[in-house]
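Which chain is which? The protein sequence lines are A and B, in order.
Residue numbers for the first sequence follow this note's numbering, so the first one is 1 and each next one is one higher.
Residue numbers for the second sequence follow this note's numbering, so the first one is 1001 and each next one is one higher.
It is worth saying that the hints were derived from the structure and are not from the lab.
We put the beta carbon where it would ideally sit given N, CA and C, even for glycine.
You may find that some hints are simply not true.
Output of the computed footprint for chain A on chain B, the stretches with three or more beta carbons under 8 Å from beta carbons of chain A [what the hints assert, rightly or not]: (1) 1221-1232; (2) 1268-1274; (3) 1285-1296.
Simulated restraints on C-beta separations [claimed, not checked]: (4) A:R523 <-> B:R1055: 26 to 36 Å; (5) A:M507 <-> B:E1062: 47 to 57 Å; (6) B:D1094 <-> A:R523: 41 to 51 Å.
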Amino acid sequence: MEPVPTNAEVRLTVAQCFRTLSSSADCKDIVSSLQTLNSFLDGGPESKSTSAQQAEFRRSHYSRTLQFLVSNIQADWLHSLSAAQRSSLWDGLFLKGPPEQALMVLMEEVGQLRLSSSLNHLVSIIEKFLQSGRLADLLWSYCGQAAPSDSLQFRETLVGRIIALPDITANKLHPNNRPLLLPQEYYPLLAKEMLIALERTCQALRDGTDCSMTFVAQILGKVCIQGHSGLVLAVMAPRLSVCTRSDMLWQRVSWKLMDNVPQGWMESVLTGLVQAVSGPDALGRIIGNLVLTNKKTQFIMTHKLLLLQYKYKTQVLRTILGYLAADKDRRPLLVQVLRSVLQAWSNPSAVKHTPLEQQLYVSKALLLSVSLLKDSELQELRSELLQCMLSGMQSHLDSSVVRIRNMGMVVGECLSSRLDINGAKLKFEYEQNDETCELLSLLTPSTCDEPEPEPGPLNGLDCCEETSETVPPMQNVSLQNQSGSQPSKTDPDSDLDSDDELTPYDMSGDQEMSQASPPRYLRDCLETLISSEDRERLELSLRLAESLVRKNVFAAREISVQMTKVLLHMEDKYSINGFLGLRQATMVALTVTDCIPVTQYLTTEFYSLNYSLRQRLDILEVLALAAQELSRPNTDKKAPSIGTATTTVLAPYPGDNPVHWQQVVEKRIQSKTRRISKGATQPASKGSPNRFAPVAGYFFFPLLRNYDKPQVTFDLLGSDHLILGRLIHTLGLFIHLAINAPIAAQMGCALLDFVWAVRYHVDQMVRRGVLFAVCSVFLSMPSQNLLVDLGDQLFETRTWLADVAEGDSDADCRSLAVQSLVLLDKSIKKQLQDSKALSLES
Amino acid sequence: MIERMSRPAPSPIYTLRGAGGALNTLHFCCWGGCAPVLFSGSAKGAIHVWDLNSRRAEKVIEAHSGSSVIWVNTLRSSGNLISQGRDMQVCVWDLSEGRSQLVESLWTGSVGFCQCSLLETSPATYLLGFAGQQTEEINVIELPSKTPVCTLVPEAKLGMVMCIKLWQPDSGPGPLLLAGYEDGSLLLWDVTQRSKLSQVKAHPEPVMCLTFDPKCLRGITGSSEKKLSSWMLDSQNNLQVQDCVTLVNPGVSQLCIREDGKLLASGGWDHRVRIFGWKKLRPLAVLQYHTDMVLSVAFSDHEDPRQRLLAAGSKDQRISLWSIYSNGAETG
Chain A
1 MEPVPTNAEV
11 RLTVAQCFRT
21 LSSSADCKDI
31 VSSLQTLNSF
41 LDGGPESKST
51 SAQQAEFRRS
61 HYSRTLQFLV
71 SNIQADWLHS
81 LSAAQRSSLW
91 DGLFLKGPPE
101 QALMVLMEEV
111 GQLRLSSSLN
121 HLVSIIEKFL
131 QSGRLADLLW
141 SYCGQAAPSD
151 SLQFRETLVG
161 RIIALPDITA
171 NKLHPNNRPL
181 LLPQEYYPLL
191 AKEMLIALER
201 TCQALRDGTD
211 CSMTFVAQIL
221 GKVCIQGHSG
231 LVLAVMAPRL
241 SVCTRSDMLW
251 QRVSWKLMDN
261 VPQGWMESVL
271 TGLVQAVSGP
281 DALGRIIGNL
291 VLTNKKTQFI
301 MTHKLLLLQY
311 KYKTQVLRTI
321 LGYLAADKDR
331 RPLLVQVLRS
341 VLQAWSNPSA
351 VKHTPLEQQL
361 YVSKALLLSV
371 SLLKDSELQE
381 LRSELLQCML
391 SGMQSHLDSS
401 VVRIRNMGMV
411 VGECLSSRLD
421 INGAKLKFEY
431 EQNDETCELL
441 SLLTPSTCDE
451 PEPEPGPLNG
461 LDCCEETSET
471 VPPMQNVSLQ
481 NQSGSQPSKT
491 DPDSDLDSDD
501 ELTPYDMSGD
511 QEMSQASPPR
521 YLRDCLETLI
531 SSEDRERLEL
541 SLRLAESLVR
551 KNVFAAREIS
561 VQMTKVLLHM
571 EDKYSINGFL
581 GLRQATMVAL
591 TVTDCIPVTQ
601 YLTTEFYSLN
611 YSLRQRLDIL
621 EVLALAAQEL
631 SRPNTDKKAP
641 SIGTATTTVL
651 APYPGDNPVH
661 WQQVVEKRIQ
671 SKTRRISKGA
681 TQPASKGSPN
691 RFAPVAGYFF
701 FPLLRNYDKP
711 QVTFDLLGSD
721 HLILGRLIHT
731 LGLFIHLAIN
741 APIAAQMGCA
751 LLDFVWAVRY
761 HVDQMVRRGV
771 LFAVCSVFLS
781 MPSQNLLVDL
791 GDQLFETRTW
801 LADVAEGDSD
811 ADCRSLAVQS
821 LVLLDKSIKK
831 QLQDSKALSL
841 ES
Chain B
1001 MIERMSRPAP
1011 SPIYTLRGAG
1021 GALNTLHFCC
1031 WGGCAPVLFS
1041 GSAKGAIHVW
1051 DLNSRRAEKV
1061 IEAHSGSSVI
1071 WVNTLRSSGN
1081 LISQGRDMQV
1091 CVWDLSEGRS
1101 QLVESLWTGS
1111 VGFCQCSLLE
1121 TSPATYLLGF
1131 AGQQTEEINV
1141 IELPSKTPVC
1151 TLVPEAKLGM
1161 VMCIKLWQPD
1171 SGPGPLLLAG
1181 YEDGSLLLWD
1191 VTQRSKLSQV
1201 KAHPEPVMCL
1211 TFDPKCLRGI
1221 TGSSEKKLSS
1231 WMLDSQNNLQ
1241 VQDCVTLVNP
1251 GVSQLCIRED
1261 GKLLASGGWD
1271 HRVRIFGWKK
1281 LRPLAVLQYH
1291 TDMVLSVAFS
1301 DHEDPRQRLL
1311 AAGSKDQRIS
1321 LWSIYSNGAE
1331 TG
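Make a model of the complete structure from these sequences and hints.
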C-alpha cells in the first residue's frame, strides 16, 4: 500500500469525523464518527482500519483528536450520549492511544479548564488512566527500542508533567482533589509503575531486545530532586533489593538505571536510596560499583554523606561503609574514607567549631570504618591511626563539654583496643549512657543479615503488597507463643502465701550505725574537722555540721570564716560517702548564716594563689547556692498540718501508719472535687523580703575585681576557661536572683562590660555562660535602665546576638541568643511604649 | 493503687515506760476471756504485768532477788507464770485472783544467758528445757513433777549453749530440741533417744537466738554478725542451711515468727526492729524508735488477728508496741 494515499485517507476520515461531531445533531452520526475514531486505536484482526492507517493516526492525528474532543466537552451531543457510550467511545479514546500524548493533552487541558463538571470529567479520566496502568505503558514505551521519536523538549515537558501531576491537580482542584492524586498515593503508584517498566525491560532483554533506561532514570532523578525520594524509594528499594538478589539481569538493569540518572539529580537519588535500603548488601546489589565509575557518586558517598552532612541515622552510616567494604574493588575507598574521617575527628579546630551532633556522627563513622577494616589493613594504617588518635583524644579531652569528652574517651578506648598496641588498652572512667553505649556497640559489626523475603512471583503491582503480607503471620505466631508461655511461667510463683502480698514500708532510714558519738556543739564539730584522724568521728561531724550551723546561728557567726576555711581546704581522705555534698551544704549554711564575712572571704580566695580548679569551682558553687537560698522566700514554718494531725488522732489501733489513710482521704476528696479552674488552691503565700537583695553586691562585685590579673597558677582569661565559663554563669545567676533590687541595674552594666571581651570565646561553655548572663541581665534589669545606661551598647549587642543566633556551632548558644534577642526586643518595646504614654500624658 | 505507694516508715502505736531496767524478755497473754496482758522481765529483777487496755503496769513482781530476769512464759493450763533469772532459778508464780505467790522454784545451775524452752505435752504436763551446770549441758525435765527426762551433752566441744527450742514434730514419737552453741553450731537433738540427729555450722560467731516454724520445718538463727541464717529440716531430720539475709548493722538479740507464719521480726543491737516476710525473707519494714539495743521481740497471741501486736523491749527501758500487717485489708 502506498504511504501517501494512506496518510491522505486517514486525514480525510478524521476531518470528516470532526465535521460531523461539530455540526451534526443526530445521535447516530455522532456515535458512528466516534466509533470510526476508536477504530483507529483498536488493534486486532476485526479492526476496520489497517495497521498503517493506525500508525498514521497515532503519529499525527491522535493529539489533535483528543484536543478537539476536550474543546467540545461542553457540546450537547456529549451529554446526549448514554453513560456506557460515553465511557467506551469518548473516555476510551484517551485510554487506548499512545499514553504520552494522552497524558500531555489531559494535563494541558486540566491546566486550562476552570472548576466545572468538565474538569471533573477530565480528572476522572486521569484517574482511570493511572488506575489502568497506562503510566507503566508510557514508561515502557520509552524503554523499548521503538521509543516515540520526539524532541528533547517534549520529553522534558513530559517528565515534568509526570512528576508534577499531583501539584497541577491540587492547584486546580483545591479541596476537591482525588485521593489517588495526592502525593502519598501518587508517588508510590509511580514507583510501582516504574518497577513494572523495569520488569518488562528485563523480560525484553531476555528475549534479546535492546532497551534504554534513560527515561525511567530521568523520572527517578527528577522525582527525587523534587523531594519525593522517601515515598518513591520506600517502594522501589525493597523490591529492587529482592529482585536483584538472585537475578543477574535485574542487577544489570538496576545498575544501568542508577548510572543513567542525570548527574545533577544523582545526590538526591543516592541519599534517598541509602536511607531506604535495608543494608549494605542490598545497596551493593542495587547500585553495583557505581561509586567507582561515577565521580559524583564517589564524592557523595565518600565525602558528602560522611563529612559534610550529619543528619542521617547510624544505619545509613552502616550501609554506606558496609557497602564500601563489601567489594575488593571498593575497599581502597574505605581506607581513603577512614583517613579523611580520622583527619576530621582529630582536627582540634573541628572539635572546637563544629556542632556536637556532627562530631558524634563523625565519631560513629570512624568507629564503623575501623570495625570494618581487616587486621592487615589496620597494620598498614597503624602509625597514622595512632598519631591521629592521640592528637584527637587530646583535643577532645580538652573540651569543656562533657559529651565531647565522653566521645573522645569512648573512641580512644575503641581505637586502642582495635589497634592492639602491645596488648595495652586505654581505659577511661566515664558515665555509661545511651550515647556511649551506642558508640561502643558500633565496634562489634552487626552480624544479623537482612531479613528479606525471597523474590515472589513478579506480578508487578501485587509484589509490594505481597511482601508486606508475608510478615504478619509470623508475628501472630510469635504472639501466640508468648501468650502461651506466659501463664506457665507465672504459675509456680502464684503462691497465695507468698510475701508479695505484704507491701514493704519505706526502709530508707535503715542506715549503718556508727559507734562514735555525734558532736553536740559546733565548736566540737569544728575541732574534729580540723584535727581528728578518726574516720567515724570525722564523718559524723561532717554529717551534723550543717544542722549544727543552722541551729546555732550565734555560735556559727563566731566561727563562720574559720569553719569555711577549714571546709574549703578539707580533703576527702577517707572517701566518705557523699563527702562533696555534705561539705558544700555546710559551706552554704555558713554563707547564709553569716553572709557578709563569709562571702568576703570566699570572693577574695577565689582569686588568690594556690587553689586547685576544683576549689575555685567549689567557691562559685557555694556562692551560687547560698544566693539561691537567700533569695528564696523564708520557709521556716513548713506546713505543720501533717505533724499535728497525726498526733491528735490516737484511735486504739490507728492502722500501721496514720499518714497513709490521710493520703487516701485527701485523694478521694481531690477526685470528688470539681475544679472550675486550676490555681489558687493554696492560700496565697505571704510576701517576704528577698534576703539576697541587700547583700547581692558582696557576692557580685568582688568577683569582677581581679579577673584580668593572671597568676602563675590561675589564668582566667587564658587556659582556665572552664572556670571562666562557670564564673560568668554564676554572675548571671546573681543578677537573676537580685531581680527587682536597686543594685541590679548597676550589676547588669558591670556584667555586660565584663562579658563583652569574651563574647566570641572559643570554648562553647564560656559562650553559653556569656549568653546566659546576657539573658539574665535583660530579664532582671528594669527596661528604662536598659535603654538609658546601655543605650549605645545595645545596638552592638543586638548585632552580636543576631550573629550568634545565626552562626554559632553550638545549639544551646543559638537558642540562648534567640532567647536574649526576644527579651531585649520585649524590653525595648515596653520602654518605648511607656515613654510614648508619658509624652502623651504630658 | 494505694498498695503500690511506698509508705512512710511506721511508728509505734504506744509505748510502755517505767520498767526501770533493760527489758530482757516479753511475753503476751491475750487469749481467753481475761484482759490482755504483757509480761516483761527486766534486768533489775522485776517482772511487770502490763494491762494492754489501760496501758499501765498492773502488777510488779520482784522476783529472782534483784538478779536479771531473762525469760518469762505462762503455763496455759493453770495460768501460772514461769520465769527464769540470772540467779540460776526458774520460778513458777500463781497470779490468779490478784495473788503473786511463788509456787515452785527450780535450780538450773546455769550461769549463762540461755533462755528456757517450754513445751506443753499434754494438758497440765510440760517439758522444760534449760541449760545446765556444765558448759555444754542441756537438761530437760517434766513439769510439774520435776522428773528429769534427759541430759544432752554433745561429744565435741561447742562452747556454751546459747539458745534452745523444744518442739513436737507431727510425725515421730518424741519431742525434738534445737540448740545453738557458742561456736556457731546448731544441733538437733532427739529428746527421747537422747541422741544428736543432725548438726550444722550456722554462723562463724555464737548463735545468739533462734526460732523455728514447726509447720513448714524451717527456722532461722541470728548471731552477733550481720547475717541471719535460715535453715530447714528435710524428711530425714537433717539440718540444711538455706539462705541468709544480710542486715545493715550487726547483732541480733531475738527472733520471732508470727503465729500465722507470715512475718518474722528481729530485734537488733542497732536499736531497730526489722520485719521480714517469713516465706521468702523479704525485708518489709524497719521499726525505729528505741535509743538502745532491742533485746526482745514478741508477737501477741490475740485470737482476733486484727488485734495482733508486736512488742519490742529495749535496753533503753521502754517497750514499744506496733500494729503491723495486722489489718486484713492491707495484707490482701
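Those earlier numbered hints the structure runs against, lowest number first: Violated hints (numbers, rising): 1, 4, 5 and 6; every other hint is consistent with the structure.
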